[in-house]
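Novice: Residue numbers (my numbering), protein chains in the order written: chain V, 1 to 391; chain X, 1 to 432.
Keep in mind that the hints are not guaranteed to be accurate.
Covered stretches of chain V, going by a simulated chain X footprint (3 or more residues, C-beta under 8 Å) [as the list claims (entries may be wrong)]:
1) 123–137
2) 142–151
3) 187–194
4) 239–247
Hint data in this document are derived by calculation from the structure and do not stem from the laboratory. Think of the CB as a built atom: it goes at the ideal place given N, C-alpha and C, for glycine as much as any other residue.
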Amino acid sequence: MTIKDKVAIIASSCTPFGEHWDRGTDDLLRQAVSEARDETQADPQAYWLGTAQSGMSGITLARPIDLDNKPVTRVENYCASGSEALRGAAYAVASGAYDVAMAVGVEKVKDAGYQGLNAFPIPNDGTQRTLTAAAMFSLVIPAYAKRYGISADEMQDALAHIASKNHANGAKNPRAQFRREMSTDQIKASPRVAGTLGVLDCAGVADGAAAAIVCRAGDASKYTETPLYIKALSFVAGSGSGLTDPSYDYTHFPEVEVSAKDAYAQAGITDPRGELAMAEVHDCFTPTELVLMEDLGFTGRGNAVKEILSGAFDRDGDLPINPDGGLKSFGHPVGATGLRMLYECWLQLRGEAPVERQIDLKGRTRALTQNLGGYPGEMVSFVSVLGTSPD
Amino acid sequence: MTRGILAAAGYVPFRRLQRSAIKDVMGSGGGKGTRSVASFDEDTTTMAVEAARNLGADLAPHSIWFSTSESPYLDKTNANAIHTALRLDSDVSAMDVGGAIRSGIGSLRAALESNGTILVVSSDVRTGQPTSADESQGGDGAAAVLVGDGDVVAEYLGGASATREFLERWRTPGSSRSRTWEDRFGESMYAPLADQAWNAALKAADVTDVDVLCVAGMHARSVARVSKRLGVAKTIDLSQTVGDAGTAHASLLLVSALEAATPGQVVAVVGLSDGADVLVFKAHRTSTPRRRVDAMVDQAADVSYSRFLSWRGMLTPEPPNRPEPARVSAPAAERASDWKFGFIDDGHPLADTLGTIVTFTVDRLAYSPSPPVVFAIVDFDAADGQQARRPLELTDVDPDTLQVGDRVEMTFRKLSTADGIHNYFWKARPVR
């Protein structure tokens, strides 16, 4: 049993991401939902809302869009909450329980008044570590450099290339939070936040919402001539054992490797680098994207630095990574990010990205989204593969 | 059976304030030498734990008595956290003694003249208003003395006290500032009280000559005068390095004296605080705690005056723009008390196991009472075939000189305080 080709995406939307001081969670939800509905006549019978902490229960969505006693499920799975909403909606239509379902993700981060992202405290014994995500991911940099014998300078060059590439992609995208190109020198000169990680190695913090409407694959033609088909949905929650496992070395994310392998098996992909047209990955920090290139099988272990510096993952490279600008230039409204990634695949695979942003698909028909939550050693990871036609 | 001191150890925190730094900033105050400074993550409870851990012995006291003039909690017994951090059995009683400086030497004498094995710990954090004598002459530290019968390090020969009501030093609850009467008044009070107690103690101990003298008291003029007039050749003095550690000071001097004493030497301790208390011991052997006071005095690093002020709450720098920690859940902490207080990991006590830094980072954004947070992944040395790894905050550390592969040891600390609840847990510090 697999989800492959059982579910079609018939609409996708994404609000501009940014510091929306003038707009609340309700406004962002209304915009994402109405733009998705405008794409199709299909009327969702059930809803999944992904948000980490911008609201509790399905009422968070039902109230602003005036749903009258509909099944609305609020889900949370760290920074993969938006992808979690897609899973719920997809499995619901695949099961036959509903014909049409909507996945929505939202986060209103900028009402908190603090820098970065902050989780609600759950009552505990006070022995949990209280580091920022930046500090946890900064542990990857020296560990990776040491394992593969890469100099600190070369490491910084590769990380700055990632940030610069994502900023260049975002500069062309009107929905991105940051629309300015950034040179690698600017990035390398930014103030340190944690370890050698600079401010410009970190994703922005933004408000935003995104949505998608799904139906069973066989019904897709009723609603659109150009659906996308779900080829794979994989999600794993690690046990958190990496934090206490003396064999874990902070140079890879086992949860991502497992979810990628599972997704490729579902989709029938054996050569992701050669078969995928593009990938949207969770570049919360530059070392995260670096390691993901290996965990997702886009290059071999220890090769990411060389490949990144060669431009292989640039917008015009062999395999464009984060052509929309990624978390780096979009910011990271936690619940919305997974569905924002899907929206870029929706535009690019269907050739609907604006001409100045459209990537060369090289005849390939499939794209990947990878969305993670947590930290090295203690992570959840989602991977999807989407394609333009059923096999 | 011989009653006396079975083991004794001190704790002097890692940081020192150069007294001259006070004058550099304020234009007055300060003086010569240094004083010890408890780190931002230390309080009298955590320092008491460290002193008791320095005993290095398998502790099996019947009770633990804790004295301080700076109680982390009122109403709640502070000795309980010390008890659990030392992994003592639940049938060991624990209590706090007093709040006055005299409770330190007073509880030691009470234990010596009582029955059973008693762990007497005293600990203090002393400061005062900027430029005050208390600020520069005070010191932070702790001492642990295991009192009981048997093969003692030092035999208790006898003691005596002299008491009189007079107003020399006082502090009202809640205030961080001690007040004192005109200096000469205290001197006129202490001198005759010291003579009275000294003569009575020597008589009780049945000795005429004392080899080593320790005089503790917050009244510096009286300490100097009494030290001189008792005519003992060797005196133990920590005033130029540690400062006066208040409630802990008499015991800290005694601990230091016993680490240098040779068998047969007579050691006397004089406490001048609202009266005089004199304790007389005969050394049976040289005390060998896990860590010596003179070693801790030497292994130190300076703290700037501004940071000292902020650690003591006299200056409040802008914190990182991050939420402050939430309060600890009492039931969750109780369920996890073996881990949280005892640092017992799945049945394996790790508090006394050394570890190695696998990787580390400096977090400049995370909340801390004294940013930045230095954080490391630590692999503990294998014990019983068990290899443990824990992510831990580092303390007493200079991040610029830290290296992957550095060795660390565990230390009991206070992570933060929220809603008046102190969040105690363990951190790692470089092995020195």
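Novice: Now look at each hint and say whether the structure bears it out.
Specialist: Quick rundown of the hints versus the structure:
Note: the stretch 123–137 of chain V has 12 residues with beta-carbon separation from chain X under 8 Å; the three-residue rule is met and the coverage holds. Counting residues of the stretch 142–151 of chain V whose beta carbon lies closer than 8 Å to any beta carbon of chain X gives 3, which meets the minimum of three for the stated coverage. Proximity of the stretch 187–194 of chain V to chain X, defined as three or more residues with a beta carbon under 8 Å from a beta carbon of that chain, is established by the 3 residues found. Residue count for the stretch 239–247 of chain V with a Cβ under 8 Å from a Cβ of chain X: 4. That meets the three needed, and the coverage hint holds.
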